[in-house]
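Colleague: Sequence:
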Amino acid sequence: TLTLIEASLASIKVSVHDSTIRKRLGKNGLHGRFPRRKPLLSKKNIMARLNFAKKHLNDCQDFWENTLWTDE
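Under the UniProt record's numbering, the first residue of the sequence shown is numbered 1, with each subsequent residue one higher.
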């Protein structure tokens with residue numbers, strides 16, 4: 001991380017501005033970002049999933065072979 005690099009350089013008495021370190025890290029593909037928060041499932045979505053699973057619990061193999069799966 002930026003703070004670790006700054007501390008490491010300070011320990012050997014090298015003065016480098018934090019924006020310089022950030023630019024160099026960025027040029028090497030290391031961008032400081034926070035991960036996006038994934039929304040939790042609402043009670044409504046939990047119940048909808050549970051009802052779907054219960055409804056299709058005993059469906060035959062042919063049903064699932066004719067199901068079109070998508071990744072949204």
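The hints are simulated quantities; they were obtained by calculation from the structure and are not laboratory data. Treat the hints loosely; a few may be bogus.
[Stated by the list, open to error] Derived Cβ-Cβ restraints for the label pairs, each shown as a range:
no., residue 1, residue 2, range
1, D71, N51, 15 to 25 angstroms
2, I46, R24, 40 to 50 angstroms
3, I5, R37, 22 to 32 angstroms
4, D71, I46, 30 to 40 angstroms
5, P39, S11, 40 to 50 angstroms
6, S8, K38, 50 to 60 angstroms
7, A7, R33, 17 to 27 angstroms
8, W69, K43, 20 to 30 angstroms
9, G32, H56, 37 to 47 angstroms
Computed from a predicted model, the values in this text were never measured in an experiment. Beta carbons are placed, not taken as given, at the ideal position from N, Cα and C, and that holds for glycine.
Colleague: Indicate, hint by hint, whether the structure satisfies it.
Modeller: Consistency of the hints with the structure:
no. : hint                          : result
1   : D71 / N51: 15 to 25 angstroms : holds (22 angstroms)
2   : I46 / R24: 40 to 50 angstroms : holds (46 angstroms)
3   : I5 / R37: 22 to 32 angstroms  : holds (27 angstroms)
4   : D71 / I46: 30 to 40 angstroms : violated (20 angstroms)
5   : P39 / S11: 40 to 50 angstroms : holds (42 angstroms)
6   : S8 / K38: 50 to 60 angstroms  : violated (33 angstroms)
7   : A7 / R33: 17 to 27 angstroms  : holds (21 angstroms)
8   : W69 / K43: 20 to 30 angstroms : holds (25 angstroms)
9   : G32 / H56: 37 to 47 angstroms : holds (44 angstroms)
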